[in-house]
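Participant: Going line by line, the protein sequences match chains A and B.
Residues 1 to 890 in the numbering used here are what the first sequence lists, from first letter to last.
Residues 1001 to 1143 in the numbering used here are what the second sequence lists, from first letter to last.
Just so you know, these hints were derived from the structure itself, not from any lab.
Owing to the predicted nature of the structure, the values given are computational and were not obtained by experimental measurement.
A virtual CB, placed ideally from N, CA and C, is assigned to each residue, including glycine.
Worth double-checking, as some hints may not be accurate.
[What the hints assert, rightly or not] No more than 35 Å apart at the CA atoms, straight line, and that leaves these computed lysine-lysine pairs for DSBU-like: (1) K1054(B) / K133(A); (2) K81(A) / K1052(B); (3) K444(A) / K396(A); (4) K123(A) / K1052(B); (5) K60(A) / K1054(B); (6) K690(A) / K800(A); (7) K1052(B) / K119(A); (8) K1039(B) / K123(A); (9) K119(A) / K1054(B); (10) K432(A) / K411(A); (11) K1039(B) / K60(A); (12) K108(A) / K1115(B).
[Stated by the list, open to error] DEER-style ranges, computed between Cβ atoms: (13) F159(A) / H1030(B): 30 to 40 Å; (14) R80(A) / E1024(B): 32 to 42 Å; (15) P156(A) / E1024(B): 46 to 56 Å.
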Amino acid sequence: MFKFITQKIGNKLLLTFIIIITIVMIIEIWFRIYFGKGDRLRLVEAGNNEVLDTIYATMKYPLTVGDSDSMHRDLEEIGRKYKNIRVYLTDFNGFISFSTNKEIIHSKIEDVITNEEFKDLFKRSISQNSTSKQSVEFKLNGERNLITILPIHNSPECFHCHGSSRKVLGALVMSTGLEEVYRTVNAQRNRSVALTIFAFFLGTVVITFIVKKIIRNPLNTLVDATQRFAKGEMTTISKYPKDEIGILIETFNYMVNEVAKSKMELEKELTRRARLLEEREELVALLQKANKQLKELDTLKSAFIANMSHELRTPMNAIIGYTDLLLDEVDGPLNDDQKASLKKVSANARHLLQLINDVLDISKIESGKIELRPKEVDLKQLIDGIMVTFEPLIAKKGLTFSLNIEPGAEKLYVDEDKTKQILINLISNAVKFTHEGGITIKAKVSERGPDEEGNPQFIEISVTDTGIGIKKEDLDKIFDKFAQADVSTTRQYEGTGLGLSIVRGLVALHKGMVWAESEVGKGSTFYVLLPYKKEVFDKPVPVIEDKMAEELAKYFEVPKEVFLQEPSYEGKMVRCWDYTQCGHVNCPEYGSSEKRCWLVLGTHCKGMRKGSYPEKADACKICEVVRDLVLHKEEITSEIARPSEKEKVVLAIDDNPDAVDLIRKYLEKDYKVIGILSSEEAVKKAKEIKPVAITLDIMMPKKDGWQVLKELKGDEETKDIPVIIVSIIDNKTLAFSLGAADYFVKPLDGYLLLRKIKNLESYRAIKKVLLLERDEKTNNEISKILKESGYEVYSALSSKEAIELVKTQFPDLLIVNITDPLSSAFDFIDFIKGSTELKETPIIALTNKELSDKEKEELDGRIKDIINKALFSEEELVTELKNSLRKIGG
Amino acid sequence: MNLVIILLIILSPFTAFSDYIGTESCKPCHQKQYDNFTKFSRMSRSFLGVEKMKNKITPEELRGCYECHTTGYGKKGGFVSVDKTPHLKNTGCEVCHGPGKRHVETRKREHIIGKLTTKTCEPCHTEERIRTFRFRPLLRGVH
Chain A
1 MFKFITQKIG
11 NKLLLTFIII
21 ITIVMIIEIW
31 FRIYFGKGDR
41 LRLVEAGNNE
51 VLDTIYATMK
61 YPLTVGDSDS
71 MHRDLEEIGR
81 KYKNIRVYLT
91 DFNGFISFST
101 NKEIIHSKIE
111 DVITNEEFKD
121 LFKRSISQNS
131 TSKQSVEFKL
141 NGERNLITIL
151 PIHNSPECFH
161 CHGSSRKVLG
171 ALVMSTGLEE
181 VYRTVNAQRN
191 RSVALTIFAF
201 FLGTVVITFI
211 VKKIIRNPLN
221 TLVDATQRFA
231 KGEMTTISKY
241 PKDEIGILIE
251 TFNYMVNEVA
261 KSKMELEKEL
271 TRRARLLEER
281 EELVALLQKA
291 NKQLKELDTL
301 KSAFIANMSH
311 ELRTPMNAII
321 GYTDLLLDEV
331 DGPLNDDQKA
341 SLKKVSANAR
351 HLLQLINDVL
361 DISKIESGKI
371 ELRPKEVDLK
381 QLIDGIMVTF
391 EPLIAKKGLT
401 FSLNIEPGAE
411 KLYVDEDKTK
421 QILINLISNA
431 VKFTHEGGIT
441 IKAKVSERGP
451 DEEGNPQFIE
461 ISVTDTGIGI
471 KKEDLDKIFD
481 KFAQADVSTT
491 RQYEGTGLGL
501 SIVRGLVALH
511 KGMVWAESEV
521 GKGSTFYVLL
531 PYKKEVFDKP
541 VPVIEDKMAE
551 ELAKYFEVPK
561 EVFLQEPSYE
571 GKMVRCWDYT
581 QCGHVNCPEY
591 GSSEKRCWLV
601 LGTHCKGMRK
611 GSYPEKADAC
621 KICEVVRDLV
631 LHKEEITSEI
641 ARPSEKEKVV
651 LAIDDNPDAV
661 DLIRKYLEKD
671 YKVIGILSSE
681 EAVKKAKEIK
691 PVAITLDIMM
701 PKKDGWQVLK
711 ELKGDEETKD
721 IPVIIVSIID
731 NKTLAFSLGA
741 ADYFVKPLDG
751 YLLLRKIKNL
761 ESYRAIKKVL
771 LLERDEKTNN
781 EISKILKESG
791 YEVYSALSSK
801 EAIELVKTQF
811 PDLLIVNITD
821 PLSSAFDFID
831 FIKGSTELKE
841 TPIIALTNKE
851 LSDKEKEELD
861 GRIKDIINKA
871 LFSEEELVTE
881 LKNSLRKIGG
Chain B
1001 MNLVIILLII
1011 LSPFTAFSDY
1021 IGTESCKPCH
1031 QKQYDNFTKF
1041 SRMSRSFLGV
1051 EKMKNKITPE
1061 ELRGCYECHT
1071 TGYGKKGGFV
1081 SVDKTPHLKN
1091 TGCEVCHGPG
1101 KRHVETRKRE
1111 HIIGKLTTKT
1121 CEPCHTEERI
1131 RTFRFRPLLR
1141 GVH
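If we strip away everything but chain A, and leave its shape as in the complex, we get (with noise of 0.2 Å):
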């Protein structure tokens, strides 16, 4: 019972009204018994006096008179009128001597009101000194009745039938019937009773009936709808009430829309990542397959040269042996024009064999046809073993040469004729780049590359020399197949460019790692980690670096565990090189069952110039796989949408989701970024979206970003779109000659790109351009050009020829050479950023040298272009200016 008033809103107000009627009525019924009483009592006991005195004075005058008949006829009127009144006129004895009822006459008072109380009052009443009226209530068979006494006094008029001797002759007495007045209280009381009982009825019907329509009905709508709602069926209420409810309800239709919308979004979401996952799976079984025909490829390919190789090496043999005897003059005599030749002949002919033997030695070492044979080697022994065939040319070249192997680091565990040529290799490249100075051998216990239980495993020897040094931006290159730093040198060293090729390839058989440290101009040292110990090469596995899952553990703020596992895709292990397209055959990681690339020592990643913790963390932070494949498993895709149609829009291709995050992130507050992940959409979405911009990422699968470059720079329709590279590789040169915009290497600067696209926009077509520059003959070159193209040129040789002209002439684009010994271009462009009509016109900066970050910043934002005209021949620097002024929109 109480359930059923608990459960309902409804029934719990009602109740209270209920509860309410039922109290003010309970009140109101005993009031009106409590107070109407007496009230009535009163009232009938006025009315009593006032009837009696009446009476009193209606009877005087026949008492006086001694008028009996018209008294007895008097009251017997009362009587027959009034039924409820009595009226007896008693003596003082209490002997009735007129009344309404004639047959009581001489009986006695107390006979007929047989009350023991009355009989007192009565006696009392006509005692000598009582004076007014008495009434009171009594009960006369079975019936109240009110009672008043009013004492007759004696008075002269009195006297003569009544004599002077008495106070009090008798009494009148009244009395009335109070039934009446009770059948009155009663009758209110029930009057009472059945409205409470009807306001009860009422309250409750039209309570129910409010309640119901304005409470119960909205509240089960909404009740009805949230159960439906939690059982998934999104629909809303229409109609409702305007009041809180109302307000309810109106809240639960747009959580419901909310819900609904989120809803049918996420589905979208969902069935689009399904199609971008299948998507993706295809794209990745394709690539593998194309990685699997590669690699095939690759084995092949050094299969070939091997077997090549080795046909060549027979005639050359010839071709030397031949040679030689003639020198030898076994044939007979030479004379000096013939010995020059034969002896150029030879010394070709032998670099042919040098170099056919390195083609021979990587082939080998790719297809993997080398077998070590470990064993330990005393690595002073095999030093100056070496060093035998070096020391002429030492001497001869006037360098010094010193070997400083530490304690612990004499004895190698290596195969002796692989680490021979590793050192030879090394050494021969530090005798070959130096001219002054020396070489200096080093071997030391290495900390990189512990076994399992932190033990040093490696033994690092450096070999350090004061040649030409390597620039830094080539360092991580010269380990590739023929590539010496500086194509420029290749003519002028000798060298096959094979060496650190062939020396990286047998390190990493090694199960160790080489990489390079240098300075242009001071010199380079290169090291390799050799194994000391038996152990390295008894596990088929490469060796493990635990150390690095914990430093990117604790730069993700993830569990170490995270870094521990191995990279998958979408259930499926992959290798690095499945999913960046890197992959190099000579990479320790290449060919083994280890699949977790970052825990390898001697990975060389694009970029990383030292395959080993504690540097090569940062190379891995940054590492898409590590960042996709181990840290965020899941697929994250950006959207790609139509803007509208004020939008300004900007595209950024690139296929891995978190770089378009990104761009879109930084130029989101300006710009609505469309991400495109598929490279071989981008140019459909070009056309179809019309950008202001397009950001491009190099490295993507299917389709390279140079491809997609190339491709919009092609179609009429995207070709004036301003292409901004963004990617991990530096490759400006052909980016520029591809014709992009700029070109950011990432991590990318957010703030910077932003700049530059808002600078592209503001591009405008160039006619005038002012060129300032002190050197002559680079100032009337890049004239002649620029005339040739249809420009209109000022030249200008001091920044104040500049000054003067820009004042008359207001060119669309300036060409200054800011670095010029006496800095004065600053002063020119201090002058143009202060000018109102020229602190707009954009501005290509010529340099001799790369700038700093600091120099750059100087230059802030309106420096278009920087060509550093010491990277480009003369020819190309024309090709670049002529790309800068294309992509300013001249």
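Model the placement of chain B on the given structure of chain A, informed by the hints.
Facilitator: Structure of chain B alone, referenced to chain A:
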């Protein structure tokens, strides 16, 4: 009361020569007057009141009542008590016309008071009582 006694003593020599015989004795000769008197005059029924009140007042007060509500109370041959002189218990003809024994015997006018004046009524019908009871003396027109 004392005054009444004194009066009686003074008046006694004048009434001593006659006695009261009651109203019934007048009837044979004065039939018409008797009828009128008994029918209209309340004096003929005046003892009823005394009887009603006799238990409610003192004997002394009762005697006061007799003076006017009886015939010849306190006089020679007048009312003594209801038992002794029942024929004299109301106020009869003789109260105003004087004792009638000799007039009955002689039938002579001289032996009865014929001419009445208001002075005759005054011993009972005092100013005060006239006002109280609002009656007219039966001086004229009745007989």
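Participant: Would you mind confirming whether the straight-line C-alpha gap from K108(A) to K1115(B) stays at or under 35 Å?
Facilitator: Violated: K108(A) and K1115(B) sit about 50 Å apart, past 35 Å.
Participant: Would the pair K1052(B) and K119(A) pass a check requiring their Cα atoms to be no farther apart than 35 Å?
Facilitator: holds (25 Å)
Participant: Is the straight-line distance between the alpha-carbon of K123(A) and that of K1052(B) 35 Å or less?
Facilitator: holds (23 Å)
Participant: For the pair we were handed, K119(A) and K1054(B), check the Cα-Cα distance against 35 Å.
Facilitator: holds (26 Å)
Participant: Holds or violated: K444(A) and K396(A), Cα atoms, limit 35 Å.
Facilitator: Cα-Cα ~29 Å, so holds.
Participant: Is the hinted pair K60(A) and K1054(B) satisfied, with a Cα-Cα distance of at most 35 Å?
Facilitator: holds (21 Å)
Participant: Checking one constraint from the list: CA of K1039(B) to CA of K60(A), max 35 Å. Satisfied?
Facilitator: Given pair K1039(B), K60(A) holds - Cα atoms ~27 Å apart, limit 35 Å.
Participant: Is it true that R80(A) and E1024(B) lie within 32 to 42 Å of each other by Cβ?
Facilitator: holds (41 Å)
Participant: Hey, K1039(B) versus K123(A), does the alpha-carbon distance stay inside 35 Å?
Facilitator: Status violated; Cα separation ~42 Å.
Participant: Just to be careful, I want the Cα atoms of K1054(B) and K133(A) compared with a cutoff of 35 Å; is the pair within it?
Facilitator: Measuring from Cα to Cα gives roughly 28 Å; hence the hint holds.
Participant: Can the restraint linking K432(A) and K411(A) be considered satisfied, given a maximum Cα separation of 35 Å?
Facilitator: With Cα atoms ~28 Å apart, K432(A) and K411(A) stay inside 35 Å; holds.
Participant: Between P156(A) and E1024(B), is the Cβ distance one that fits in 46 to 56 Å?
Facilitator: violated (36 Å)
Hints 6, 8, 12, 15, counting from the list given before, are not met by this structure.
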